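Protein chains: 2
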Amino acid sequence: MALTLYHWEPNANSGKPMLALAEKGVDYDSHYLDLLSFDQHKPEYLAVNPEGTIPALVHGDRVLTESTPIMEYVDEAFDGPSLRPQDPAARWRMRWWMRYFDAYFAPSVSMLGWNVFVGPSVRQRDQEQLANAIDRIPLESRRIAWRKAIFNQFSQEELDESIRRTRAGIEVLETHLAANRWIAGDEYSLGDINGFNLAYALPLSQPDHCNDDKTPHILAWLRAIYRRPATKETWAKGKTDMASRVTFLEG
Amino acid sequence: MALTLYHWEPNANSGKPMLALAEKGVDYDSHYLDLLSFDQHKPEYLAVNPEGTIPALVHGDRVLTESTPIMEYVDEAFDGPSLRPQDPAARWRMRWWMRYFDAYFAPSVSMLGWNVFVGPSVRQRDQEQLANAIDRIPLESRRIAWRKAIFNQFSQEELDESIRRTRAGIEVLETHLAANRWIAGDEYSLGDINGFNLAYALPLSQPDHCNDDKTPHILAWLRAIYRRPATKETWAKGKTDMASRVTFLEG
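Sequence lines, in order, name chains A and B. Sequential numbering from 1 applies to the first sequence in my numbering. Sequential numbering from 1001 applies to the second sequence in my numbering.
One thing to keep in mind: the hints can contain errors.
[As the list claims (entries may be wrong)] Partial pick of chain B residues on the chain A-facing surface, computed with a CB cut under 8 angstroms:
(1) R1062
(2) T1065
(3) E1066
(4) E1072
(5) Y1073
(6) G1080
(7) D1102
(8) D1160
Don't read these hints as lab results, they were simulated from the structure. Given the structure is predicted, the values throughout are model-derived calculations rather than measurements. Ideal Cβ positions, reconstructed from N, Cα and C, are used throughout, including at glycine.
Whenever a hint applies, use it, and build me the whole structure from the sequences.
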């Protein structure tokens, strides 16, 4: 069955299915969409995923969206090393963390990233074109997020709460990794892939709170994931210079 | 292995593991905690779950928290009818919806519920006792939520966004159920249990937007779940009069 992944940079949410597929050794047709050019809201892609979100995995006639459920699908539908522990309690632990990442930690980290990176990256473009681009976004929640990021409309209260949650999340993660090698315990799993994509840039964005002195276990865990062959192979598919900004992950 | 569930009302998040256990025919020791009396922040329970959240499932020496990951654990660890479809694509659909419910739809419905029900239910008690009770809450995010609910501090912007998301969620759910009998497609699954606990009260809280005329498929789906023996058995464990308020689910 044909397998195509529509994705942006491997260091964004797109990296979650990319890393899972790479760990399992599954080949796929890679279809890169430039998020900052709004490729994901163009008619060709909306014909694939009407919600206009990235990533999307097309397997035969199935169109799968949302990176965390896609990762579970990848592990269930393909051969290769299992990315979920067999023990139900370890699997619960993996899912507890994926829920924590997705519902609590990631939205806060993401809002800060949109505020300092995505917004400024596109803000200087032609305002009418930007307004038109926003109007084409199918999901209202995404329209609101893009509008706030582009026109610098996140409130200080929202940003403060995201900073508070991000720093609280760093502490929770450090405590867990001080007692566990991997997110689920002894085995590398989808929980680590999920967490890596969220956390690898924290030493850049929260340098006073996430560093070798204060969070040595997070740093060691990030480096262990970054040096995996599947991660190297996946990050090589990126088109931006992110790798040059995270040299602290090497070694 | 001993199995104990610490839970509040079966119509709250606690109902998710309760319904999953009942569908599978698994017996457990039921330990009721009164959320509105802050039982979940008392030392006896913090010795079980230091985060002070409900529900928690104790299986032998394992302590499991967070209702959605607990449900997946219940389906993996016990015999009885499977509550997850075998087909990986249907299973992806189930998890897509559980993520949508947990990360997007439920927080909005929940904020409105806290604002109109939980806050007013406890607000009139002795203020010093309330302040002390809030100070004992271990998770900062829960302390913030309780404080806002009790002292009526949700901002109009927050409430408006929750109303918007709740109504958008109702439309998305109605569209899905018009084309699918159950959340995952043809089979009853954890996705339906998750959704039922979130949605059964929408005809009460959003009567102009969720009713037999506008969302007939949601209403038919809720009634089909409500009449299941596992649901009847579970709701009978409630101590409040919620059943008398949802007579529209009968028949």
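Hints, one by one, checked against the model:
Annotation: B/R1062 was flagged as interfacial toward chain A, and the flag holds, the nearest CB pair being 5 angstroms apart, inside 8 angstroms. Because the closest C-beta pair between B/T1065 and chain A is about 7 angstroms apart, less than 8 angstroms, the hint holds. At its closest, the beta carbon of B/E1066 sits 5 angstroms from a beta carbon of chain A; the interface hint therefore holds under the 8 angstroms criterion. Against a cut-off of 8 angstroms between C-beta atoms, the interface hint on B/E1072 holds, since the closest Cβ of chain A lies about 6 angstroms away.
About 4 angstroms separates the beta-carbon of B/Y1073 from the nearest beta-carbon of chain A, less than 8 angstroms, and the hint is met. The restraint placing B/G1080 at the interface with chain A is violated, with a minimum CB-CB distance near 14 angstroms, outside the 8 angstroms limit. For B/D1102, the interface hint holds, the least distance from its beta-carbon to any beta-carbon of chain A being 5 angstroms, beneath 8 angstroms. The criterion of a C-beta within 8 angstroms of any C-beta in chain A is not met by B/D1160, whose closest approach is roughly 12 angstroms, and the hint is violated.
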